[in-house]
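Participant: Got two chains here, separate frames each, mind docking them using the hints?
First to last, the protein sequences are chains A and B.
Quick note on numbering: the first sequence equals residues 472 to 605 in my numbering.
Quick note on numbering: the second sequence equals residues 29 to 320 in my numbering.
A couple of the hints might just be wrong.
Stated by the list, open to error - 20 Å max Cα-Cα, derived EDC-like pairs, lysine to aspartate or glutamate:
hint, chain 1, residue 1, chain 2, residue 2
1, B, K186, A, E586
2, B, K188, A, E586
3, A, K559, B, E178
4, A, K569, B, E178
5, A, K546, B, E236
6, A, K581, B, E189
7, B, K76, A, E552
8, B, K76, B, E88
9, B, K137, B, E102
10, B, K176, A, E567
11, A, K594, A, E567
12, B, K186, B, D145
13, A, K522, A, E555
14, B, K290, B, D34
15, A, K546, B, E240
16, B, K176, A, D561
17, B, K186, A, D585
18, B, K188, A, E590
19, A, K594, A, E566
20, B, K103, B, E166
21, B, K176, A, E552
22, B, K188, B, E97
23, B, K186, A, E590
24, B, K188, B, E245
25, B, K176, A, E555
26, B, K76, A, D517
27, B, K103, B, D197
28, B, K176, A, E563
29, B, K151, B, E166
30, A, K594, B, E178
31, B, K188, A, D585
32, B, K243, A, D517
33, B, K76, A, E478
34, B, K89, B, E240
35, B, K186, A, E552
36, B, K89, B, E223
37, B, K188, A, E552
I should point out that these hints are in silico values taken from the structure, not numbers from a laboratory.
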Amino acid sequence: MKEISVEVITPSSAAYTGAAGSVTIPGTSGGFQVLYNHAPLMSTFDVGIVKVEETSGDTKIFATGGGTVEVRNNKVLLLAESFEAPEKIDAERAEEAKDRALERLAHRSKPDIDEVRAEFALKRAINRLKVINL
Amino acid sequence: MATLRDIKSRITGVKNTQQITKAMKMVAAARLRRAQENIINARPYSRKISQVLAHLLSVEKDINNPLFEIRPAEKVAILLVTSDRGLCGAFNMNVIRQVETLLKEDYAKFVETGNLDLFTIGKKGDDYFKRLPYNIAESYPHIFAHLKFEFAAGLMNKMKEFYINGTYDRVVIVYNKFKSVIQQDLTVEQLLPIEPFDKTEEDDTTAEYIYEPNKTEIINYLLPKQLNAQLWQALLESYAAELGARMTAMDMATENAKEMIKQLQMTYNKERQASITSEIIEIVSGANALKA
Numbered sequence: 472m473k474e475i476s477v478e479v480i481t482p483s484s485a486a487y488t489g490a491a492g493s494v495t496i497p498g499t500s501g502g503f504q505v506l507y508n509h510a511p512l513m514s515t516f517d518v519g520i521v522k523v524e525e526t527s528g529d530t531k532i533f534a535t536g537g538g539t540v541e542v543r544n545n546k547v548l549l550l551a552e553s554f555e556a557p558e559k560i561d562a563e564r565a566e567e568a569k570d571r572a573l574e575r576l577a578h579r580s581k582p583d584i585d586e587v588r589a590e591f592a593l594k595r596a597i598n599r600l601k602v603i604n605l
Numbered sequence: 029m030a031t032l033r034d035i036k037s038r039i040t041g042v043k044n045t046q047q048i049t050k051a052m053k054m055v056a057a058a059r060l061r062r063a064q065e066n067i068i069n070a071r072p073y074s075r076k077i078s079q080v081l082a083h084l085l086s087v088e089k090d091i092n093n094p095l096f097e098i099r100p101a102e103k104v105a106i107l108l109v110t111s112d113r114g115l116c117g118a119f120n121m122n123v124i125r126q127v128e129t130l131l132k133e134d135y136a137k138f139v140e141t142g143n144l145d146l147f148t149i150g151k152k153g154d155d156y157f158k159r160l161p162y163n164i165a166e167s168y169p170h171i172f173a174h175l176k177f178e179f180a181a182g183l184m185n186k187m188k189e190f191y192i193n194g195t196y197d198r199v200v201i202v203y204n205k206f207k208s209v210i211q212q213d214l215t216v217e218q219l220l221p222i223e224p225f226d227k228t229e230e231d232d233t234t235a236e237y238i239y240e241p242n243k244t245e246i247i248n249y250l251l252p253k254q255l256n257a258q259l260w261q262a263l264l265e266s267y268a269a270e271l272g273a274r275m276t277a278m279d280m281a282t283e284n285a286k287e288m289i290k291q292l293q294m295t296y297n298k299e300r301q302a303s304i305t306s307e308i309i310e311i312v313s314g315a316n317a318l319k320a
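Bound conformation, chain B alone (with noise of 0.2 Å):
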């Protein structure tokens, strides 16, 4: 039977927990709205970039650019994107199954001649497989706090020449995207080679255009471009999925350290009665005893 200074006790301890996670909601929150805004101004840059590709794939049939080269896969890359923290629900549990899954069923036979490496972004991920028998080529934790553009460009650089010198035949990225601040997608992406552009993007230009220095030199500068300007946009989308994951989860927390305190008291109630109950039925039957 719990006291009551025990009660009382773990009324306390569940307020002080309850204060820290609605503190972290807000905080998350207010990062979440900034993450945001970061989404919605690195837009224009990838879809304009897609767009001037998609119109030069389409005049220019004959390219040789060496990341739109298919190579039989023999060796894989896995990016996996997770948080630097915890505390934000199943966000960083759900990368880390889906590339298990990858790893135990696509890429089975990768993982086992050793020709699989994983690339991990944020602490988390690397905090977990650092555990399990698969080999981390390079982590990149704490880079969310001041995500900067150089690092994704820097990153792809370095994968686009694992690529090209042969080091990777297959490069693929897991994330979280943002697609509200209570749901994340999970996505799968193949970075390297670089997917057939899907022609459906609107091209209006009748205009017949001057290529300076010519469209292939415009390709090819343009390509990678295209890919820095892709994992940069992955990077912003795990980090606004992460702050909504993290502030849906404190809010739960909050809720739930709401219930639990009303529960508490309502025992530390009860509980108090019985003893002042008790009390008086002692006092009256001693006083009943000196009467008789």
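Excised from the complex, chain A in its bound form (with noise of 0.2 Å):
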């Protein structure tokens, strides 16, 4: 059987762990496919939807904040802060996240404003309605 290993660690546990016929990943310089024999390789992702194709045929979805992954000897090991299932998110605080952020960058001339991290609030609360909604 040609599987990979998945590993998933986040600062407070290890998030997933399984076996994959297939890992995606939205890679900073574009989503990439880790298949089975992968070349060694060292990325880093973005705000994005991971999916991890299981050996029993089901495709799973995360949603990420970003992190770093390791791809070695059919081992891929994922860090990321954040990484949830859809089961796993709170539908009303992402909503609550969401609008948050557009009513920061509304006022985003106001000097006490992080645009930067506001864009990236907004990012994230984006993603996880739609890994919730997909």
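Facilitator: Here it is, written out as structure tokens:
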């Protein structure tokens, strides 16, 4: 069986471990897919969706806030500060975060508003909502 | 001379206190188990990040990340991690004393020129230092009940910005590390500038990696993440250490109460016996007087 082992580690727990046929990652310079016998790789990835095609045939999706990935010897290791399955996402909270970020961006000219951070928060909130509704 | 009733009420009082300390010990023990699990869960993340960074830094010598830049220290920030609540033995005092030593010895000249700011995490440190003529830049009380990674990341991001824009040239953290339930290790760590990595970390990577977008970008991405993880770890350690300290302190208090109750009970019994004896003597001598 041509499978790769996938491990996701976040600061609070090991978020996912399992065997998979392929993993799709939203890389910083473009999304990519890792298949069996992928060359050793180290990369960063952005806010987006990670797709794991499990050997059982199920495809699992996760929302991530970005991180790094290491591929070696058919092992994929993702280090991410946030990594959530759709059922773990609080839709209300994501909705609130989105509104808050939009609110802040609407007043972006004010000096005490960090535009970059607000934009990043907005991106994450939208991504979370997208994952729920997939 | 204490009357019987006085002693009785003392005993009841001590017993009530004992019940409270016992309950607090049990609560601390239950929370400690969870806190310990959190530490264990957080370890792989920071270890792995350090490993990846150590590997990258060994293959890429040419780095110019501002977080590495060592400047002559002009302005210093000290983060001190204490607990939100008391009754945990010397836990908070250990941190406070260590910080005072830093303020009076190592960083005395920064204090004099007003170039030293404190960031207090946990209520107790703030309570103590706000009475003293030191500058508390920011304080974060009541965070331990709902400790979240986002808090660590948010605070660390702020410190990174302060470091990069030159507000501070050095950031130090003082906290208790969890060693065992009965032992805390007082730790002083430098967060910024990032100290050079020890390359002792095993690097078994012979494989030639593809780096995307490139090594420097990955290093620049990972360094801040490593700092976030470091602060997160420190907060978790401190919380577990606090619970451990509270457990030990409350256990000792319960033991002391037990001892005290024993003593009081003994006095009570003696006192009671004495009063009975004197009553009997009175009756007997009264009867004798009638007979005569």
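Participant: Of all the hints numbered above, which does this structure not satisfy? Sort the numbers upward.
Facilitator: Hints that this structure does not satisfy do not exist here, as all of them hold.
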